[in-house]
Amino acid sequence: MGMTMTQKILAAGAGLEKVEAGQLIRAKLNLVLGNDITSPVAIHEMEKFDKKTVFDKDRIALVPDHFVPNKDIKSAEHCKCVREFAKEHEISNYFEVGEMGIEHALLPEKGLTVPGDVIIGADSHTCTYGAVGAFSTGVGSTDMAAGMVTGEAWFKVPSAIKFNLTGKPAKWISGKDIILHIIGLIGVDGALYKSMEFVGDGISYLSMDDRFTIANMAIEAGGKNGIFPVDEKTREYLKEHTKREYKVYEADADAVYDEEYTIELDKLKPTVSFPHLPENTHTIDEVGDIAVDQVVIGSCTNGRLDDMRIAASILKDRHIAKGMRCIVIPATQKIYLQCVEEGLLTTFVKAGCVVSTPTCGPCLGGYMGILAEGERCVSTTNRNFVGRMGHIKSEIYLASPAVAAASAVLGRIAGPEEL
Amino acid sequence: MKAEGRVFKYGDNVDTDVIIPARYLNSSDPKELATHCMEDIDKDFVNKVKQGDIIVADKNFGCGSSREHAPIAIKAAGVSCVIAETFARIFYRNSINIGLPILECPAAAAAIKDGDEVEVDFDSGVITDRTTGESFQGQAFPPFMQEIIKAGGLINSINKANG
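Chains as they are written, first to last, in this note's numbering: chain A, 1 to 419; chain B, 420 to 582.
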């Protein structure tokens, strides 16, 4: 019986010839990640270790991104705690305001995530790096603390679901529509404890940014990780972003999967997740007339350059609807600068949008776009849980940057083809 | 080891945002987090919960954000055990790592009602609903996880192993 791509990476990380689903292993970590919310708890937990030094100062990444620039005094104290820890332990991958970005957009961009890596992060969307063929998964702060000290983590080897992506997606269909469609199909616990392995000829049509979006939301189906095979596009991306050597793993031909799905990308329509779960999906043609107060375009899911370009292509020479608030958040400083250089920022501002420095802010109801009672938002973020962006009686509709931008212009949930 | 208390019953997909909303994540103090525990799903929870009480939920409890603040808030609020049909995987890991007892038991999750008095025997995994007299067998932890729990959490178990 063969191994899945994930199992092969985990076997290598654990120094084993072979692993099988359900096996408990201890694997070596290539990278341990934390942010300004989860790291302070981990730093506090580290005090309980007999050994209080980090395993490798170059393989820990600390990215204050949730509540920065500091939103209040308490957040400032958290960020200060992380900053001082980074200084004391000489953490090389600490990213201060001005050089930071949303962690899951930043780390691949900085070349810190490569194929074959085993990565844990104290943030649920750490699964994003599966886009480059790494095993990466979200954990809590205690796991992060243990990872920082020992350079290892325990894992239960997951079984997997195979998603065979076929065909070429239509013009406005992005990674977001694909992953929302899949979550709608299998449910928010459809991949609980499992790997989501994406294969098929359709992948060649997906940009790296599309793949990051898809892997990013594996957790919204309960998945332990989401992972893509390494192809030419991946290699080009890595050539541009990293000098690290890497090893490419492929699933065995006789790997066993719990379930297999075929997703015909050429048949997909723009997809929207209604409140209050990502699985409540509707295609754009069945949405109806739903007025919107706010649009958010950004986050670790959809704040990358492709996303900005798509949103700008729709907002160019147009203006958002009267009374609409549209908040655009390029995910990293580099993306922000690219938006400046390509004139996208001019497009956003002329269209009546506000453009923020990189932050997770509104996605988790932190700041920078909190909703009042009864307000509705179309958002390119990843969760539409009760109260996620503000008042428990506010509503979030998850969508692609194209749908979000079109909705900002029309003042109601709409696809770009209506413009 | 045993737990006994009154049950707070919830449905499917209770996410960590409703367990502890992000607007309170500018604190990592367990006592402060406990004062907002379950606030966005059950505003009265913190006023009603007593030391030892038990949360029972349906599937995918603790889904969403990886915030360890969620099991920390539940534990600091006095909850002695969480029973669910299934748990989201990060919440499951976090609970074991911080020493919050959790049990997967679909039969118990389906039968136990809000307000029931329930007793849990962690050694045997047996859950007894004292209000109805029904008993359920919860799934025991694999030995690897039992070691972590016995040591009082992940860090103690690592200290012990390296000791």
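Simulated from the structure, these hints should not be mistaken for laboratory data.
Watch out, some of these pointers could steer you wrong.
Below, simulated BS3-like cross-link-like pairs (lysine-lysine); rule was C-alpha separation at most 27 Å, straight line [stated by the list, open to error]:
1. A:K393 <-> B:K579
2. A:K48 <-> B:K450
3. A:K52 <-> B:K428
4. B:K579 <-> A:K57
5. A:K28 <-> B:K569
6. B:K450 <-> A:K71
7. A:K393 <-> B:K421
8. A:K52 <-> B:K462
9. B:K467 <-> A:K48
10. A:K74 <-> B:K421
11. A:K52 <-> B:K421
12. A:K51 <-> B:K467
13. A:K71 <-> B:K462
14. A:K74 <-> B:K532
15. B:K421 <-> A:K28
16. B:K469 <-> A:K156
17. B:K428 <-> A:K74
18. A:K51 <-> B:K469
19. B:K428 <-> A:K393
20. B:K469 <-> B:K569
21. B:K579 <-> B:K532
22. B:K494 <-> A:K48
23. A:K80 <-> B:K450
24. B:K469 <-> A:K52
25. B:K428 <-> A:K48
26. B:K569 <-> A:K156
27. A:K156 <-> B:K494
Going through the hints against the structure:
1. A:K393 <-> B:K579: The given pair, whose Cα atoms are some 48 Å apart, is violated under the 27 Å limit.
2. A:K48 <-> B:K450: holds, 19 Å
3. A:K52 <-> B:K428: violated, 40 Å
4. B:K579 <-> A:K57: holds, 24 Å
5. A:K28 <-> B:K569: holds, 24 Å
6. B:K450 <-> A:K71: holds, 22 Å
7. A:K393 <-> B:K421: violated, 39 Å
8. A:K52 <-> B:K462: violated, 40 Å
9. B:K467 <-> A:K48: violated, 33 Å
10. A:K74 <-> B:K421: violated, 37 Å
11. A:K52 <-> B:K421: violated, 34 Å
12. A:K51 <-> B:K467: violated, 41 Å
13. A:K71 <-> B:K462: Given pair A:K71, B:K462 holds - Cα atoms ~25 Å apart, limit 27 Å.
14. A:K74 <-> B:K532: At roughly 39 Å apart (the allowed maximum being 27 Å), B:K532 and A:K74 break the hint.
15. B:K421 <-> A:K28: With a Cα-Cα distance of about 36 Å, the restraint between B:K421 and A:K28 is violated, given a limit of 27 Å.
16. B:K469 <-> A:K156: violated, 34 Å
17. B:K428 <-> A:K74: The given pair, whose Cα atoms are some 33 Å apart, is violated under the 27 Å limit.
18. A:K51 <-> B:K469: violated, 37 Å
19. B:K428 <-> A:K393: Holds, at roughly 22 Å.
20. B:K469 <-> B:K569: holds, 25 Å
21. B:K579 <-> B:K532: violated, 40 Å
22. B:K494 <-> A:K48: Answer holds: B:K494 to A:K48 is near 19 Å, not above 27 Å.
23. A:K80 <-> B:K450: holds, 21 Å
24. B:K469 <-> A:K52: violated, 36 Å
25. B:K428 <-> A:K48: Violated, because 34 Å separates the two Cα atoms, which is more than 27 Å.
26. B:K569 <-> A:K156: Holds: B:K569 and A:K156 sit about 19 Å apart, inside 27 Å.
27. A:K156 <-> B:K494: holds, 25 Å
In this structure, the hints that do not hold are numbers 1, 3, 7, 8, 9, 10, 11, 12, 14, 15, 16, 17, 18, 21, 24, 25, in rising order.
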